[in-house]
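**Student:** Spelled out, the chains give:
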Amino acid sequence: MLSRLRRRTAGPRPDPQGVNFTSEHLTAAKTLARRKQVINAIWVRIPILSLWSGGALEDIADNSLYFRFVLALVGIIWLLAIPYEGLWKRTYVDEHALQPSQVTMYFDWAEVHKADRYLDTLEKIVNGTFDERTAFLQESFSISGLATSNTSTSTYAHIRPPRSKGTETILVSANWVSRDGTPNLRGIATLLALGDFLQGQNHWASDLVLVVGEGYVEGLEGFMREYHNLFPGVIWTGLNIDYPGHSFSHLGMFYEGVNGRLPNQDIVNAASNVARYAGGVLPRLHDVVDEPPAGFGSPLVQNYLLGAKHLLHHFAFMATGRGSAAHGVLARHRIDALTLYASPAEGPHGFHTLGRTIESTLRSMNNLLERLHASYFFYLLPRPDQFIPVGHYLPAAVLLGASLTIGGFDCPSPLEGLGYILPAFAVAAVAWIVGLHPIFLAPVPLAILPRPQGQAHTSAKSLTLLFYGALIPTLAMVNFPQAVVLALISLLYLTLPKYLALAILAIQPGLILALAQGYWGLDLQKDWLAVGNLTWPGVYAVWLPLWMISVVLL
Amino acid sequence: MDGIRIPPILKSHAGVLAAGTVLRLALFITAPALCDVLQRRPELSTPLTSFRSLKEGVFIYERDTNPYEGGVFYHSPLHLAFFTYLVPISSSLLTVFLWAAGDILGSLGLVNIWSQRRRTMGGQTDRSAIVTALYLFNPYTLLTCLARSTTALDNALLIHAISSAASGKPGRLLSATVLLAISTHTSFYPILLLPAFAIIFSQLRPLTSSTTSAAVTVSGFALSSVGLAGLAYGLAGDAWVAQTFGTIINVWDLTPNVGMWWYFFTEMFDHFRSFFLGVFQLHHLIYVAPLCLRLSDDPLVSMLVMVGVISTWKSYPALGDMALWAGLLSCFPEIVSNLRHPLFTLTVHLYTSILLPLLHSLWLLTGTGNANFFYAATMVYGLNASLAVVDVLGAGLRLQVKRETTKALSLLDDVAGREPDFKVIDEIWDKKGWSVVQFTGQLE
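Here the protein sequences line up with chains A and B, keeping their order.
Everything in the first sequence is counted per the UniProt record's numbering, starting at 1 for the first residue and increasing by one.
Everything in the second sequence is counted per the UniProt record's numbering, starting at 1 for the first residue and increasing by one.
The reader is advised that the hints may include incorrect statements.
Stated by the list, open to error - Among chain B residues calculated to face chain A with C-beta under 8 Å, some are:
| # | residue |
| --- | --- |
| 1 | ILE286 |
| 2 | LEU350 |
| 3 | TYR351 |
| 4 | LEU355 |
| 5 | LEU358 |
| 6 | THR366 |
| 7 | THR368 |
None of these hints come from the bench; they were simulated from the model.
By construction, the Cβ of each residue, glycine as well, lies at the ideal position given by its N, Cα and C atoms.
Work out the full structure, taking the sequences as your base and the hints as a guide.
**Tutor:** Below is the structure:
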């Protein structure tokens with residue numbers, strides 16, 4: 001319609017000598033010219049390489065609208081805005097069947113007394129051999145009337161309530177070593193008392209399996225690998241008990257699983273609700289004190305800092321792909337699980353509170369008629385009763401990824417560029433196969449890899465930007481913190497001015513990993529072998545090639 | 001190329017072929033675990049092309065039971081007989097060589113198609129090495145081969161059918177129609193290429209009239225198809241018709257794949273099913289006549305577009321089908337250079353090749369997603385492929401206009417009977433700043 005109106009005033013008469021024969025030719029030519037101008041105007045403003053690599057500041061002044069820069073900037077601002085309350089929502093229990101804190105609890109002082117008696121013996125055998133420990137555990141379970149046995153690294157007992165069909169199972173575990181490295185004796189005592197208490201109750205619809213694992217996660221992981229040879233039931237939900245001190249003040253919810261797999265948010269919400277209203281103890285996320293820091297005036301700033309503190313703990317677990325506590329290994333088996341961590345304190349809570357909280361939480365899990373699916377699987381928790389839905393945080397990673405991708409659209413010769421990129425991936429693959437630590441790859445980019453020039457340089461750089469630009473938003477769907485870390489690394493490596501990038505690239509990934517291992521005991525290789533944490537292969541498949549390519553492209 | 005020194009031998013056609021073969025054999029032999037994983041990927045093989053289901057069918061067939069009566073075997077009886085009597089499927093060494101050979105033959109067929117195009121398009125440099133490399137080292141081709149999906153073999157067949165048709169010799173009519181019939185027998189949708197085949201042979205100026213050669217093509221195809229059906233009947237009775245063609249047409253098996261169908265027909269209410277089945281199947285058919293008419297002066301381009309449509313919209317597509325289309329596209333450098341958004345298409349392919357396995361695992365492995373996740377990825381994949389088909393068709397039409405205008409305005413001095421190089425034409429248009437537009441009105 002518009003084009004028809006426009007055509008009516010189409011300007012000069014057609015020129016029979018030129019190519020523009022008719023008035024329609026003229027209008028089409030005008031439209032095309034206009035479109036070309038718009039596209040060129042946009043294209044010029046997408047800096048082909050990066051913000052500073054052109055070097056000259058006047059270039060930046062000329063093309064004031066740098067799409068890539070703006071995208072990255074907005075992405076980083078969004079990232080920094082995540083701890084701001086405006087993006088949060090209040091948590092709620094979505095799955096109605098859970099009905100948290102709606103049951104009469106029967107765990108009482110008699111059970112607490114039993115737990116104390118178990119604890120007496122546990123304290124004696126804590127330094128004994130596996131055989132001694134499993135003998136005591138099996139004897140205790142047997143006396144309670146449970147079927148019990150052991151694997152090479154764990155002891156387990158099976159509760160078969162009269163009304164359970166045995167098709168679904170709830171797993172409850174306590175390991176000998178707590179997440180803070182001390183013996184988890186009270187956790188195991190609670191588990192033993194729980195076995196004695198649950199046996200014979202007739203209101204359960206699921207089987208329950210109680211597991212005491214050796215070490216921190218090794219025993220539980222070993223048990224999970226053998227689970228299907230031992231039991232028929234499918235485990236939907238799990239609860240891991242970690243009670244290292246003699247009393248506790250708060251219950252910490254540790255929810256991150258291996259490889260960034262989070263349990264359904266309903267599990268966290270239901271357990272928090274139960275702890276608060278049935279157990280009478282305040283829940284925490286991890287072991288983070290949920291009190292605004294003093295001395296920052298405005299409550300807005302205080303809440304921001306408090307949210308950031310919670311999220312940083314979360315990011316530390318997720319970015320390295322580790323589970324935050326022993327329940328993390330259950331995530332690989334599609335089990336929605338949580339660790340209840342009794343924060344050591346002088347009081348006021350003990351076996352009574354913990355037992356009642358566990359009983360009520362298990363009753364909620366027992367109510368489920370299908371797997372947890374209603375609530376969110378992708379979320380951030382900035383405070384115990386607040387969450388950030390995926391739509392509110394994912395755009396940060398998408399924007400960062402898009403800023404890289406757009407930079408990659410200037411690719412004169414993709415095949416030639418590929419020839420410079422693939423060697424880096426091949427070198428990393430060889431290093432992985434022969435088991436070479438990343439630090440030994442330090443001389444590779446200077447010694448072996450070819451350095452592209454001219455058009456090949458542009459193409460290789462564009463392909464790198466395209467590849468990592470595609471990886472970041474997709475990774476963000478599975479593990480947002482890891483994607484953010486990758487995005488920041490890519491931006492630092494690929495878009496900074498030459499000498500700044502050189503300084504950053506000088507810190508080789510292997511060096512960073514070795515330092516992390518030295519300072520924080522972060523052993524990704526061991527994690528990969530023990531519980532299948534994919535971050536270690538990811539280092540070889542993603543980070544090392546990126547580092548090598550960036551060095552070559554400098 | 002300053003930095004990398006690829007030995008010239010590897011840049012030659014034979015070198016690329018050898019490298020592709022060695023890579024395949026090496027991966028088959030050194031990484032059997034990888035091949036096992038790939039065999040289970042829904043992106044690479046559908047129930048109709050899966051190696052594992054073929055193995056099961058052969059096993060049942062060898063024990064004198066008709067696998068088609070069991071209801072879960074969808075391969076063509078030709079596959080069944082071939083892998084029972086000629087290449088025993090239980091021998092992994094033979095199948096390794098067969099699948100490697102399939103890709104090599106496919107790439108040779110593509111080189112044939114390209115050299116035929118070169119003859120009609122005029123003055124282009126030798127691209128046989130690059131055509132081969134683009135086919136053999138395309139990850140989609142390589143992974144489909146490693147997964148031993150029968151898509152890889154069907155692709156080789158169809159490529160050779162097209163290459164016979166493209167050869168421009170009336171004598172190749174028989175091989176073209178027979179190969180097309182076999183291809184149709186194993187994967188059905190190539191039947192949509194028959195009109196383009198008929199047009200090609202009718203334009204060859206044989207001794208007889210064009211109508212006769214078209215009729216001969218169609219009847220050759222029909223006779224071969226009947227012959228193949230008879231052979232299949234002898235091998236497996238008549239239960240195979242419903243199990244192979246019936247499943248392709250009626251979409252009874254709803255195992256997820258990269259296509260648009262499985263989710264749609266899972267969600268469909270039963271009383272709407274036949275209606276939408278008709279709509280989805282006719283959707284392929286409606287393109288045939290317009291494409292053949294509009295591109296009748298270059299039927300190979302219409303075939304290219306049609307293969308793109310089929311690869312995207314067939315009822316059980318896999319990534320291997322896209323590999324076939326990408327391979328064909330590399331034989332048309334003049335179209336590739338006229339594409340509007342090739343890099344965008346490639347980037348979205350990069351995204352979807354990360355997204356498809358990722359969202360599939362979120363749905364079925366970690367259980368944190370659901371079927372919508374994977375379907376979203378397949379929709380991105382399908383949309384991207386559809387846009388690419390539109391882009392290719394547009395490029396083909398633009399090229400036609402450019403070529404004719406260049407000729408009509410005598411912009412080239414030395415045309416002298418030969419078709420000018422497309423690069424020269426593109427350069428002229430670039431220099432003049434001209435664009436090709438579609439007019440609504442009539443030229444005076």
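**Student:** Hint by hint, say whether it matches the structure.
**Tutor:** Evaluated hints:
1. ILE286: 28 Å, violated
2. LEU350: Nearest chain A Cβ about 5 Å off; hint holds.
3. TYR351: 5 Å, holds
4. LEU355: 6 Å, holds
5. LEU358: 6 Å, holds
6. THR366: 5 Å, holds
7. THR368: Where the cut-off is 8 Å and the nearest Cβ of chain A is about 4 Å from THR368 of chain B, the hint holds.
Hint check: a violation occurs at hint 1 only; the rest are consistent with the structure.
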